[in-house]
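Student: What follows is each chain in one-letter form.
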Amino acid sequence: MANQIEKARRVTQPSNTDAELRSVLSDVLSLSADRAAALAADSGLFGALPELDSMAVAGLLTEIEDRFAIMIDDEEVDGDMLGTYGDLLAFVRGKRGEA
Amino acid sequence: MLATWPCPGPYGILEELAVAFDRGRSARLLIAPPLFEEMNRTRRFLVETQRQLDAFGVDSMLPDLPGCNESLQAFSAQSLGSWRDAMAAAARHFRATHILAVRGGALVFPTTLPGWVLEPIKGASILRQLLRARVLSAREAGLAEDSAALLELGRNHGLELAGYRLSAALVAGLDAAVPEDEGQVVIRQSALGGSALWLRSEPGEDPAQSANLARMIAQDEGG
Numbered sequence: 023m024a025n026q027i028e029k030a031r032r033v034t035q036p037s038n039t040d041a042e043l044r045s046v047l048s049d050v051l052s053l054s055a056d057r058a059a060a061l062a063a064d065s066g067l068f069g070a071l072p073e074l075d076s077m078a079v080a081g082l083l084t085e086i087e088d089r090f091a092i093m094i095d096d097e098e099v100d101g102d103m104l105g106t107y108g109d110l111l112a113f114v115r116g117k118r119g120e121a
Numbered sequence: 104m105l106a107t108w109p110c111p112g113p114y115g116i117l118e119e120l121a122v123a124f125d126r127g128r129s130a131r132l133l134i135a136p137p138l139f140e141e142m143n144r145t146r147r148f149l150v151e152t153q154r155q156l157d158a159f160g161v162d163s164m165l166p167d168l169p170g171c172n173e174s175l176q177a178f179s180a181q182s183l184g185s186w187r188d189a190m191a192a193a194a195r196h197f198r199a200t201h202i203l204a205v206r207g208g209a210l211v212f213p214t215t216l217p218g219w220v221l222e223p224i225k226g227a228s229i230l231r232q233l234l235r236a237r238v239l240s241a242r243e244a245g246l247a248e249d250s251a252a253l254l255e256l257g258r259n260h261g262l263e264l265a266g267y268r269l270s271a272a273l274v275a276g277l278d279a280a281v282p283e284d285e286g287q288v289v290i291r292q293s294a295l296g297g298s299a300l301w302l303r304s305e306p307g308e309d310p311a312q313s314a315n316l317a318r319m320i321a322q323d324e325g326g
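Protein sequence lines correspond, in order, to chains A and B.
All residue numbers for the first sequence refer to the numbering used here, where the first residue is 23 and numbers rise by one.
All residue numbers for the second sequence refer to the numbering used here, where the first residue is 104 and numbers rise by one.
These are computed hints drawn from the structure, not numbers from a lab.
If you're wondering where the values come from, they're calculated on a predicted model, not measured in any experiment.
Where is the CB? At the ideal position from N, CA and C, for every residue including glycine.
There's no promise every hint is true.
Some chain B residues judged to face chain A by a derived CB distance under 8 Å, without partners named [to be verified]:
{"hint": "1", "residue": "Glu140"}
{"hint": "2", "residue": "Arg187"}
{"hint": "3", "residue": "Asp188"}
{"hint": "4", "residue": "Lys225"}
{"hint": "5", "residue": "Ala227"}
{"hint": "6", "residue": "Ser228"}
{"hint": "7", "residue": "Arg235"}
{"hint": "8", "residue": "Ala236"}
{"hint": "9", "residue": "Val238"}
{"hint": "10", "residue": "Leu239"}
{"hint": "11", "residue": "Ser240"}
{"hint": "12", "residue": "Ser250"}
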């Protein structure tokens, strides 16, 4: 529960990582600005969005690596990392040393 | 609007198709398309750009890479070398005066032509994304695969990635290739406005981006 609240708090706080990550998702998944802005910590990604297949995930991760100047190992990619928007944001922030 | 051009193949010359807006004008732009899935994702964008260029008085040709799109050649027989030969042959056939290379097209375009390179990408980045897609889809199927081991296998024996059968030459070529632009103007996505169409998991189009790209090319070409 504390974890959930922590995630929700992170997502609602304005930060460049949050805004940039929404922008990446919007570009890869063709989300409207409104839909991208409405992503909440518990919004489902992998498994919830049919357009997010393995090719789209590969594109998404590559674009995240480029824009945030991080490297993602294949081993790090799983349901815990991509299950929800909050999971993904926490992962990227962790990689950037913001967690 | 569809034209054919003679393309070198493994057993001689074969016909390939190109989308051509050719009215015999003096400014003639050859478009080297992106590679793999990005080619499909950008097709409507590039053809719309051709329409806009036509209105600006610029002829343009978008040839198929052999093994891709409508081509009857085998994808598994292709390499960066065969694609470079093909793009050079298309440039000669269509008497191109300028080049627009898009993304992975920057790895295979005729470098002696003046022109533009839109968001060029390294071959290794293309390969990394394809390998990652394969590892992820294998994992969904309960199989453990490793990008580094797959790359080594692919460099020696070829490899199937995201539905494409890549030859060993193509894998090794991509692993080493960097954009070959020499004096061509590099155009960044930010100059087009909007988000990059090759990123979208579903192919889309954006006439405003096409208009911006066509305008940039038409203005430069006149000068």
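Student: Could you run down the list of hints and mark each one as holding or not?
Tutor: Here is what the structure says about each hint:
Taken as an interface hint, B/Glu140 checks out: its beta carbon lies about 6 Å from the nearest beta carbon of chain A, inside 8 Å. Nearest Cβ of chain A to the Cβ of B/Arg187: about 24 Å, over the 8 Å cut. The hint is violated. Restraint check, B/Asp188 versus chain A: the minimum CB separation of about 28 Å is more than 8 Å; hint violated. Evaluation of the B/Lys225 hint against chain A yields a violated restraint, the C-beta minimum of about 11 Å exceeding 8 Å.
Of the supplied interface hints, the one on B/Ala227 is violated, with its beta-carbon coming no nearer than about 11 Å to a beta-carbon of chain A, more than 8 Å. Residue-level restraint check for B/Ser228 holds (minimum Cβ-Cβ distance to chain A is 7 Å; threshold 8 Å). Here the hint on B/Arg235 is kept, as its CB sits about 4 Å from the closest CB of chain A, short of 8 Å. With its C-beta approaching chain A no nearer than about 4 Å, B/Ala236 sits inside the 8 Å limit, and its interface hint holds.
For B/Val238, the interface hint holds, since its Cβ comes within 8 Å of a Cβ in chain A; the closest pair sits about 5 Å apart. Hint status for B/Leu239: holds, given a least beta-carbon distance of 4 Å to chain A, under 8 Å. With its C-beta approaching chain A no nearer than about 4 Å, B/Ser240 sits inside the 8 Å limit, and its interface hint holds. The closest approach between the C-beta of B/Ser250 and any C-beta of chain A is roughly 6 Å, which is under the 8 Å cut-off, so the hint is satisfied.
Violated hints for the displayed structure, listed by number in ascending order: 2, 3, 4 and 5.
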